[in-house]
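For the protein sequence lines, the chains are A and B, in the order given.
Residue numbering for the first sequence follows the working numbering, starting at 1 and increasing by one per position.
Residue numbering for the second sequence follows the working numbering, starting at 1001 and increasing by one per position.
Honestly, the hints are just simulated from the structure, not real lab data.
Please note that a few of the clues may not be correct.
Each computed DSBU-like pair below joins lysine-lysine, with the alpha-carbon atoms no more than 35 Å apart [unchecked claim]: (1) A/Lys142 x B/Lys1359; (2) B/Lys1207 x A/Lys150; (3) A/Lys177 x A/Lys150; (4) B/Lys1207 x B/Lys1219.
Please read all numbers here as calculations on a predicted model, not as lab measurements.
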Amino acid sequence: MTETETTTDAACAVRPREAVLETGDEIAKAVRDRVVVAMSGGVDSSVTAALLARQGYDAVGISMRLYSTPQESYDKSCCSPDDLFDARSVADSLGIPFYVANYEDEFQKRVISYFVEEYRRGRTPNPCVACNDHLKFDILLKRSLALGAKYLATGHYARIDRSGETPKLLRGVDRNKDQTYFLFGLPREALGRILFPLGDLDKEEVREIANGFDLETANKPESHEICFVGGGDYKEYVAEVLADEQQTPGKIVTVDGEVLGTHDGIHNFTVGQRRGLGISYHEKLYVQAIRPDDGTVVVGSKEDLMSRGLVAQRCNWLSFQRPAGPLECSVKIRYRSTPVPALVTVGDDPTTAFVEFETPQRAVTPGQAAVFYRGEEVLGGGWIEEPRS
Amino acid sequence: MRSQRTYLDWNATAPVLESVRDAMVEVLDEVPGNASSVHQHGQKARAVVERARRSIAAAVGAQPQGVVITGGATESNNQVLRHHVRTTDNPRIVSTAVEHPSVIEVVEQLDQQGVNTEIWPVDRRGRLDMQWLSRRLDDEVTLVSVMWANNETGNVHDIPGIVEQLHEAGALVHVDATQALGRIDIDFDEAGVDYMTLSFHKMGGPKGVGATVVREGLKVSALYAGGHQERGRRPGTENVVAVAGADAAAEAVVQRREQWSEMLREHRRAFVDALHQESSGLELRGDRDAQLPNTVNAAFEGVDGEDLLMALDLEGISASSGSACTAGSLEPSHVILAMGYDEADARRSVRFSFGPTTKREELVEAARRIAEVADRLRQMDAQWR
């Protein structure tokens, strides 16, 4: 290395316009906007980086280090040294600068602690939403802008429509992969600063592109688990974190008040759960509600699980500051379900929404998200506080 | 518009000197032999190694027979510490809280194996607590491992003074002089050091070669078995190419060290002045009364070090902070933590280090840009919600 090496690669802060045009590729942009790509080491974010670099953006890869994994199990989930290694080698093959940002403290506070606390309170958390809200589209977005980037890009399957006055969040074209459910909490003003290059693609196409670019992550299997639990059982994980005195044991009772048994802690239960109740009964039983104050787990029949509506709190509106009046839209109450028609109303405080389903819905789960759609557009969403019957 | 990058991370590694490069290329081209072979090919390689041994000894004021050429400072630190434990009854080792991991981690490992070890603390400016040491000297300490100069703060320790005190108490002294070589005067014999560790790639030599220097009358044994090289003290075929580079680097130290030190001091002054002038909320860390002339450890109020390093890198300035973990993210510096800063505070530390080929104008311009970027990041942080 010489102390003043001439830089012609992507690490150079400002590039002469000619140099960009000379690269011979079909580069639409004469001025190279900088974009930070959140790279996890998976195929989606690898393709995101590849597409943007190819389009002529001044792409910069950043991997977030969110937690430390013990040596013996470090290869089981994302943001292990292996994943960061993959992200780094993809960035290297694309010729873009790459950094690892250490967000362990924030992740612990905003995601892991929240996750455990929700279970302790008898709710079912959604750590991916929390991570998007507090890590990716907050501190990482801030860092991206501080690095002089115009945009932060991620490999989410979602689209942003920039044709109107203000950008709109739209569902990903691949309905099976659409990840807007996890994105309802984005700050509205951030939409203009975010790119989702995969929103128009389906997973197959993404893999094809990855193979076309010869990315080494092209055939990496998808991860479906909660990343920091590392392939293990999340209930065991929660139980381990909660000291014995923090666990809430209690009774299992039917909706009619009949006591069927006891349990070790409410963190083991999720609304709608059927397996693992540890009781035999003449009909199939489902968890209908969890009462954290006395540790009661209420079980009932499939019919008892149905609700006519819900209350959502800490709502975030993406399409407007607040709904102008009662909102006819569709609502999605868990990631793997289709939006269903509903009427949404807010009072004086637009962060609390009352949702009335057109037809009753099964297993409305406190702690999960309720996301509001109109056609392709994501109007906003909130956190489910409780079902309404 | 810039086409050049500024390299301010010499304490991590330095650009290779031209004379080093030439010497290595010459050996690559002309000296194919094994230094242990009896034929003339071998003799020529042997001559390269022995010449390097003399140059290295001359560069640090030691005797050639006391120089064991190794694969680098990490190896040498391991060699000295483990040799001491193997050959000493009731070893009791003291090392400082600001040592390089290649000392600290070895000491920790030895401790876990039952060796008596202790960590010598520093104050807020990173200075060694001499009173702490004098209180420990009755405890039959057998070896003290202390670096000549610190890689992160640039602090220079009073090695002759420390040696004097320890020898009175009957303890041996091991000095890791990796960061001091070529930057300040180090005289092994005059200071009375017992063992010394050297590396050459921080001042213009190649990576992967270093030396263990041993005082006359003391021994150091091999870390592992497998050959008689280096008088049985470092088995394995000599890396003659790298050794030729070390020779040229040591040669350069002999000829140019004084001139380098003076120039670095001036450059450092210009850099620090410019930093003070251009930036707000600047805190310089370390012992300003005894510091390497090439190292500046700076913290900017309200600016995270990791943020600053990334932004500077994209602006064309290479600097560093703390050490990278396996995953490649930055951990707060154990040196700054040892000085009593809390974690968030330690994360603000950024290290700028330079060398003889860094130009003065380059440093002043870098200081201006560093200040600019730090200001931008601070504002950004303040405005964010």
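Restraint check for A/Lys142 with B/Lys1359, where alpha carbons must lie at most 35 Å apart: Holds, because 34 Å separates the two Cα atoms, which is no more than 35 Å.
Pairwise hint evaluation, A/Lys150 against B/Lys1207, where the allowed Cα distance is 35 Å at most: 39 Å, violated
Pair hint B/Lys1207 and B/Lys1219, alpha-carbon separation not exceeding 35 Å: Satisfied, since the Cα-Cα distance of roughly 26 Å is no more than 35 Å.
Pair hint outcome, A/Lys177 versus A/Lys150 [Cα-Cα no greater than 35 Å]: 26 Å, holds
Against the hints set out earlier in the document, a violation occurs for number 2 only.
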